[in-house]
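So you can see what is in the structure, the chains are spelled out below.
Number of protein chains: 2
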Amino acid sequence: MAVKRVGVLGSGQLGRMMALAGIPLDVEFVFFDEGENTPSHCVGKVINPKTPGALQTFIKMVDVVTYESENTDAGLVEGIGKHVPVFPGPDSLRKSQHRLTEKDTFRSLGIATAEYRRVSTREELEKATQELGFPIVLKTTTMGYDGKGQAVLRSAADIDSAWQSLGHAELIAEAFVTFSRELSVIAARDQHGHTVVYPLAENQHHAGILRVSRVPAPDCSTEKQAQAEQFITTLLDHLNHIGVLTLELFDTASGLVANEMAPRVHNSGHWSIEGAETSQFENHVRAICGFPLGSTQNRHSHAAMINIIGKNGDRNSVLNEPAAHLHMYGKSERSNRKLGHINIVADSAAEMESVISKFNAFVNECG
Amino acid sequence: MAVKRVGVLGSGQLGRMMALAGIPLDVEFVFFDEGENTPSHCVGKVINPKTPGALQTFIKMVDVVTYESENTDAGLVEGIGKHVPVFPGPDSLRKSQHRLTEKDTFRSLGIATAEYRRVSTREELEKATQELGFPIVLKTTTMGYDGKGQAVLRSAADIDSAWQSLGHAELIAEAFVTFSRELSVIAARDQHGHTVVYPLAENQHHAGILRVSRVPAPDCSTEKQAQAEQFITTLLDHLNHIGVLTLELFDTASGLVANEMAPRVHNSGHWSIEGAETSQFENHVRAICGFPLGSTQNRHSHAAMINIIGKNGDRNSVLNEPAAHLHMYGKSERSNRKLGHINIVADSAAEMESVISKFNAFVNECG
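So the sequences go chain by chain: A and B.
Taking my numbering, I'd label the letters of the first sequence as residues 305 to 671.
Taking my numbering, I'd label the letters of the second sequence as residues 305 to 671.
Because the hints were derived from the structure by calculation, they are not lab data.
The beta-carbon is built from N, C-alpha and C at its ideal position, and this holds for glycine as well.
Incorrect hints may appear among the rest.
As the list claims (entries may be wrong) - No farther apart than 35 Å at their CA atoms in a straight line, the calculated lysine-lysine pairs in the DSBU-like style are these:
1) K354/A - K364/B
2) K308/A - K615/B
3) K349/B - K364/A
4) K364/B - K354/B
5) K635/A - K349/B
6) K354/A - K308/B
7) K349/B - K349/A
8) K349/B - K386/A
9) K635/A - K635/B
10) K349/A - K386/B
11) K386/B - K308/A
12) K308/B - K349/A
13) K615/A - K308/B
14) K354/B - K308/A
15) K308/A - K364/B
16) K386/A - K635/B
17) K642/B - K349/A
18) K354/A - K635/B
19) K642/B - K308/A
20) K615/B - K349/A
21) K364/A - K642/B
22) K364/B - K308/B
23) K364/B - K642/A
24) K354/B - K349/A
25) K364/A - K354/B
26) K349/B - K354/A
27) K308/A - K308/B
28) K364/B - K635/A
29) K349/A - K364/B
30) K349/A - K635/B
31) K662/A - K635/A
Claimed, not checked - A few chain A residues that don't get close to chain B, going by computed Cβ distances all over 12 Å:
32) R309
33) P328
34) G383
35) H402
36) R421
37) A511
38) E533
39) T537
40) T538
Here chain A stands alone, though its shape is the one from the complex:
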């Protein structure tokens, strides 16, 4: 059994946690990123793309390449793919990068979405507001994240300012979806097309940033889990996706509605490090390395994840709690920055909520 070498485009906390999960399987990691002292720098070599011959060096060092972000340069990924396998492949990446193509893909596969219209002129924007009604969300089709590149139109009076701020780019107009909560489903697909799916997570946001995930999502019927599994399996097969994929969903009166996908491990899956038999990070590494996938079942009946945002908070309060596990990313404090997370495992919902309540200072921290 030779050591496998995985190349990662990026060197943030997702790469760090992939490496921590992969090293025990005799997988080593090389990161391709210009950042210094990034979260991954202590779990592998980091190659700065700006040094001469960097890309050739990187490609020669690795057996397979993956990436941390759906904003990764698709041209770079395709170029690397001519020399060494890149998983997930370019189809997963390009479709995740383009909101319109993404939604068209969902629709073509029978995955429910909000109503939407392509908008490339001001006339098309006005027509979209008439067809979809207010409020609508106007988004750039590419590069938007964390609320950037989007505007909410509540009435015709908002059309002018929205068009002025976003009209330079290709846009998508989406009808508002009335939902009771946000859920996500995460799955891994291996090189033989075999798929494993994690239980649905319920995701609690504050100021546009994920704060808490609970798994399995409370009061979730087996029908809902089955619907999520059908959605993501269909999507994985269509994309011929290899590795982990995440699908964000709205829970609505008429069933699950897909919001967006990410071709990668996801913040709402961080609970799986202690919470699942095999974490999302380990399953991603297994999939891209050609190893068999591991069980996605919860180790305990309940699990939760609390993000540490902006400020480190009281580390000892986490270390002193037997049901809690600390995962820091080696980053310095900065407003709205994800610095780490706390994983909680429990044998009942009441026990889990009791532990979560001890960390209210983290949940409410708006650093």
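The hints should help you fit chain B onto chain A, whose structure is shown.
Structure of chain B alone, referenced to chain A:
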């Protein structure tokens, strides 16, 4: 919360697993070792002691120093200790390195041992055989491990050859202990003198090498666990030990008898990565960094560890078993070499034995 930097003397699998446990707590690692491509090289910087100024560089980079082996140069440890804290301290190290001092320490603390005699002349050896009876085990007081530096004397006819092979060194003669099984107890002590103890492990050896540990040790009374806890807590306090300590024990008709101690994380504690709320590696890092200790309780009712010795074996058979977790050390195959281990968690003894039996090829592998 600043990142802490731990220096490790050595760069083997114990350092690797310390780093994998410590990095999520924002602890980084620097290793001091001349080996290349050793197990720790992918989880921190490795400084070669043979490069100019190596020791000064190492000391400047770290906040605290620890070591992987009881065979670490005690003079080096004391020298480093003048500049940066070293845990465990020199008392723990020196007493672990000298079989006679170790046994004297056990006795002085009321910890049962085999009968033993100091042997520095052939006459003392003959006297020891008369007082202790045959068989006896003759060992060098220092540097012996894995059966080296020792001889078993079954009758007076063995005295000559034993004296010839070992008589150049200071020796200890030990009476044979009749025991039903070998156990070990592992504990961690923090910088305030607080101690946490893991459940007793039952250790199954083959050809002098640990093959399987089961935790908690089967059919173990609460009295026996309490006796082990009393032994190790007394020892930790006496040594003012900071970090993890392991005490190897014989289970005899008259109670537990101490064999030897190791001032470090131990092969018989590797089960704790998935098996315990907090692994021995994480608790060692917590202790030496001044963090509070974590719970040592089993996450599931039963846990086991199977060593992978000499040959890698069928990795996929481990990855395909939901209750099993693979931990490789990045080493190439070599006879009798510890290459990795398999951790098993289960909710009953029967379930655990059923999983262990699937890995008989690993248990019986004598690579």
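Hint check results:
no., hint, in the structure
1, K354/A - K364/B, "holds, 30 Å"
2, K308/A - K615/B, "holds, 17 Å"
3, K349/B - K364/A, "holds, 22 Å"
4, K364/B - K354/B, "holds, 17 Å"
5, K635/A - K349/B, "holds, 19 Å"
6, K354/A - K308/B, "holds, 30 Å"
7, K349/B - K349/A, "holds, 10 Å"
8, K349/B - K386/A, "holds, 32 Å"
9, K635/A - K635/B, "holds, 31 Å"
10, K349/A - K386/B, "holds, 32 Å"
11, K386/B - K308/A, "violated, 41 Å"
12, K308/B - K349/A, "holds, 20 Å"
13, K615/A - K308/B, "holds, 17 Å"
14, K354/B - K308/A, "holds, 30 Å"
15, K308/A - K364/B, "holds, 33 Å"
16, K386/A - K635/B, "holds, 31 Å"
17, K642/B - K349/A, "holds, 26 Å"
18, K354/A - K635/B, "holds, 33 Å"
19, K642/B - K308/A, "holds, 19 Å"
20, K615/B - K349/A, "holds, 28 Å"
21, K364/A - K642/B, "holds, 30 Å"
22, K364/B - K308/B, "holds, 13 Å"
23, K364/B - K642/A, "holds, 30 Å"
24, K354/B - K349/A, "holds, 23 Å"
25, K364/A - K354/B, "holds, 30 Å"
26, K349/B - K354/A, "holds, 23 Å"
27, K308/A - K308/B, "holds, 29 Å"
28, K364/B - K635/A, "holds, 22 Å"
29, K349/A - K364/B, "holds, 22 Å"
30, K349/A - K635/B, "holds, 19 Å"
31, K662/A - K635/A, "holds, 24 Å"
32, R309, "violated, 10 Å"
33, P328, "violated, 5 Å"
34, G383, "holds, 27 Å"
35, H402, "holds, 35 Å"
36, R421, "holds, 45 Å"
37, A511, "holds, 23 Å"
38, E533, "holds, 18 Å"
39, T537, "holds, 20 Å"
40, T538, "holds, 25 Å"
In summary, the numbered hints that this structure violates are 11, 32 and 33.
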